[in-house]
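Same order as they appear, the protein sequences are chains A and B. Residue numbering for the first sequence is 5 to 431, as defined by my numbering. Residue numbering for the second sequence is 12 to 257, as defined by my numbering.
In short, the hints are calculated from the structure, not lab data. All C-beta atoms, glycine included, are put in the ideal place defined by N, C-alpha and C. Treat each hint with caution, since some may be false.
Claimed, not checked - With a straight-line Cα cutoff of 20 Å, these simulated EDC-like cross-link-like pairs (lysine to aspartate or glutamate) come out:
(1) K187/B / D328/A
(2) K112/B / E118/A
(3) K214/A / D202/A
(4) K88/B / D164/A
(5) K28/B / E66/B
(6) K252/A / D295/A
(7) K241/A / D167/A
(8) K187/B / E111/B
(9) K189/B / E131/A
(10) K147/A / D295/A
(11) K86/B / D125/A
(12) K86/B / D128/A
(13) K189/B / E240/A
(14) K121/A / E32/B
(15) K88/B / E131/A
(16) K149/A / E131/A
(17) K189/B / D167/A
(18) K121/A / D89/B
(19) K63/B / D89/B
(20) K88/B / E124/A
(21) K88/B / D125/A
(22) K86/B / D167/A
(23) K121/A / E66/B
(24) K121/A / E108/B
(25) K187/B / D164/A
(26) K187/B / E118/A
(27) K88/B / D128/A
(28) K88/B / E133/A
(29) K147/A / D89/B
(30) K189/B / D202/A
(31) K86/B / E240/A
(32) K86/B / E129/A
(33) K49/B / E74/B
What the hints assert, rightly or not - Derived DEER-like restraints, expressed as beta-carbon distance ranges:
(34) K174/A / S211/B: 29 to 39 Å
(35) M218/B / N254/A: 57 to 67 Å
(36) E108/B / G234/A: 30 to 40 Å
(37) A216/A / Y177/B: 38 to 48 Å
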Amino acid sequence: MKDKETKPIPTSKIHRTGKVGLTAVAVGVSEAKLRVKRSLGLGSQASENNTRETQAEKIFKTLSQLRGSALKAAQILAQAADFVPEQYQKVLAQAYNQAPALNRAIVRKVFVTELGKAPEDCFDEFESEAFAAASLGQVHNAKYKGKNWAVKIQYPGIGDTLDSDLNLIKTLLKPMTSLDNLQPLLDEVHEHFILETDYTNELQELLYFKGALKESLVKIAEPLKEFSTGRILVTEKLEGLHLDDWLKTNPSQKQRNHMGQLLIDLWDYGVMHLERLHADPNPGNFLFLPDGRLGLLDFGCIKHYQSGFKVKYRNFLEALLTEDIMNIRSALAAVGVTYHDDPEANRFLSALSSWYIRPFKDKAFDFNSHHGYIKEGAYLMHKLHEHCGQMSRDFVLTDRTWLGVYRTLEAMGATVSMDINRKLLWS
Amino acid sequence: MKISKKEQDKVRANITKAFVELVGEKGFRKTTLGAVAKQAGIGGSTIYNYFKSKEQILFAQSETMMLEAIGIFNKVKDLESYNLQERLQLYFDMVLERYEKDRAFVIEANEQISLTPFSFVAEIHELKAVFGKPINEALNAAIASGEIASPPMQAFIESLIADYFYMLVYYWSNDKSKNQTQSVQLSDLSLNFGVSLLKSGALNKGMDLLQFLLKRHMAGFAGLVSQLGPKSCGCTCDCHKEKHEG
Numbered sequence: 005m006k007d008k009e010t011k012p013i014p015t016s017k018i019h020r021t022g023k024v025g026l027t028a029v030a031v032g033v034s035e036a037k038l039r040v041k042r043s044l045g046l047g048s049q050a051s052e053n054n055t056r057e058t059q060a061e062k063i064f065k066t067l068s069q070l071r072g073s074a075l076k077a078a079q080i081l082a083q084a085a086d087f088v089p090e091q092y093q094k095v096l097a098q099a100y101n102q103a104p105a106l107n108r109a110i111v112r113k114v115f116v117t118e119l120g121k122a123p124e125d126c127f128d129e130f131e132s133e134a135f136a137a138a139s140l141g142q143v144h145n146a147k148y149k150g151k152n153w154a155v156k157i158q159y160p161g162i163g164d165t166l167d168s169d170l171n172l173i174k175t176l177l178k179p180m181t182s183l184d185n186l187q188p189l190l191d192e193v194h195e196h197f198i199l200e201t202d203y204t205n206e207l208q209e210l211l212y213f214k215g216a217l218k219e220s221l222v223k224i225a226e227p228l229k230e231f232s233t234g235r236i237l238v239t240e241k242l243e244g245l246h247l248d249d250w251l252k253t254n255p256s257q258k259q260r261n262h263m264g265q266l267l268i269d270l271w272d273y274g275v276m277h278l279e280r281l282h283a284d285p286n287p288g289n290f291l292f293l294p295d296g297r298l299g300l301l302d303f304g305c306i307k308h309y310q311s312g313f314k315v316k317y318r319n320f321l322e323a324l325l326t327e328d329i330m331n332i333r334s335a336l337a338a339v340g341v342t343y344h345d346d347p348e349a350n351r352f353l354s355a356l357s358s359w360y361i362r363p364f365k366d367k368a369f370d371f372n373s374h375h376g377y378i379k380e381g382a383y384l385m386h387k388l389h390e391h392c393g394q395m396s397r398d399f400v401l402t403d404r405t406w407l408g409v410y411r412t413l414e415a416m417g418a419t420v421s422m423d424i425n426r427k428l429l430w431s
Numbered sequence: 012m013k014i015s016k017k018e019q020d021k022v023r024a025n026i027t028k029a030f031v032e033l034v035g036e037k038g039f040r041k042t043t044l045g046a047v048a049k050q051a052g053i054g055g056s057t058i059y060n061y062f063k064s065k066e067q068i069l070f071a072q073s074e075t076m077m078l079e080a081i082g083i084f085n086k087v088k089d090l091e092s093y094n095l096q097e098r099l100q101l102y103f104d105m106v107l108e109r110y111e112k113d114r115a116f117v118i119e120a121n122e123q124i125s126l127t128p129f130s131f132v133a134e135i136h137e138l139k140a141v142f143g144k145p146i147n148e149a150l151n152a153a154i155a156s157g158e159i160a161s162p163p164m165q166a167f168i169e170s171l172i173a174d175y176f177y178m179l180v181y182y183w184s185n186d187k188s189k190n191q192t193q194s195v196q197l198s199d200l201s202l203n204f205g206v207s208l209l210k211s212g213a214l215n216k217g218m219d220l221l222q223f224l225l226k227r228h229m230a231g232f233a234g235l236v237s238q239l240g241p242k243s244c245g246c247t248c249d250c251h252k253e254k255h256e257g
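Only chain A is shown next, with the shape it has when bound in the complex (with noise of 0.2 Å):
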């Protein structure tokens, strides 16, 4: 394992408040300086963005020296928050595999606080060193009954200061969005925050995708439930690539877009057949099998959706295909979203829509020979959120987590077909 950070977290709450007080002070008066520059009509582009990019520099370093459910709240933020400019995104994307290091002690201490006995007494070999860091703590590797297996430790107590840091992460957050629009993200957080600190949820949810995925296109790992509780998960240890690794072996593009389509048709299946969705498409939860399978990783963000959500989703979908703006607006409200009335609105949202069905009208869609399309995605969501009238919870993440999902395609320079009407390859 590289070696990790182990600057001491600022535990109390003066102290954690005080460091995201002086950060969002900064950051508001540097915003502040922008807007009085821009009213008078100086400063250039440029210089708007480097004055964005300290900003975000600064955001970052306050985050990641909380880090706990600070920095959580920040990779879930850095993957959703299409209304924080793209260079915060960034930087906050930067903090993924940042947590608090385990040592052996606290090692040795969640174990006995949870099954009653040390980590070598559990497995007939246990690699005291992590293999990996996870956002809430640490993957060691573990022998037992002739297996591998991966040993998910939490840090201990890394979900107390939730409540207090997401109010940090509002303070910080306030010069850049309005507070109405962020709530429901915040509140999206929070939800998840607290099904993602309890392992013995993971573990459901992973059981949960383990039947109803087919085996012969995913491969999830078999859980070892004598040792898995609320703060230790232990499950089988999947061989297969990361997204990274799995490139430098110069797949073929055929390899390319099957591993592709598997990926768009997991999303889309999850959130129209099985209304529950894998809400984390960071490239580290994918592993690239030789036998050609996904290897599928960590259910500690799984979106459940209200009953019913499937239908008014493929209703927007259609919507969106007729370029009817009225109609786009109506699908948008059964969802429990709405913008203003305005001719500005209606020009984003059209743009918007344009972007969205641009993939379903063709046949097959190529990644690889659309760069920039993300970005513009991601800007025109960006846009359109700054006339948001009211945000839905389950919109929300849905949305931005389809954004992770391209991003991952073309990562992979993959041609898809994502014809709404196709058979997925999961069904």
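Fit chain B to the supplied structure of chain A, relying on the hints for placement.
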């Protein structure tokens, strides 16, 4: 009637068990030796064959608990491969785990000791010696492996670490979080800080600075004294004269 060593140990164990229960329930002050004897199922005067006072039981039990924890700690596999922070953290965790089993008693006992520390100087010293041994071993191992440089006044540092643990026990005794996770975090973060300080060699450097200042000042002070002497200051008072003549 003479009883065997085995039976004596059994009675002793019953007394401490009863004492721990009563102190945990009623508090130290309200616990009497008579009540302890009754709960232990022995006669009111028999208890004096084993313990002369409540305080004696309290310290005996504290030492027993500590020795139990040390016994488990010393059996940890690959302990020699643990770094200084891990080793200290594991040790403190294990003592706290043992304390957790008799939480109410430990809290009451600590409060009692902290109220009148000067009454128990010898007992506290003895307890500290037992507790300090693994700390001494951890520091020596870290020095031998080159993890830290030999710190100045090592005995003093060991004593500081022991005092730090008592602060940790105080925090733990007030920790209302589930499974005392806040105490776990505090121990993790504070030890991380302390060990980083030892690793940085800041203490050695601080000591060098102190020695330099002391030597310079001492030298300067000595020079000043000699300058103030009668030979150079021209002072003719009797006291100086006597000293100079002497």
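Which of the numbered hints are not met once you compare them with the structure shown?
Result: hints 1, 4, 7, 9, 10, 13, 14, 19, 22, 23, 31, 33, 36, 37 break, sorted rising.
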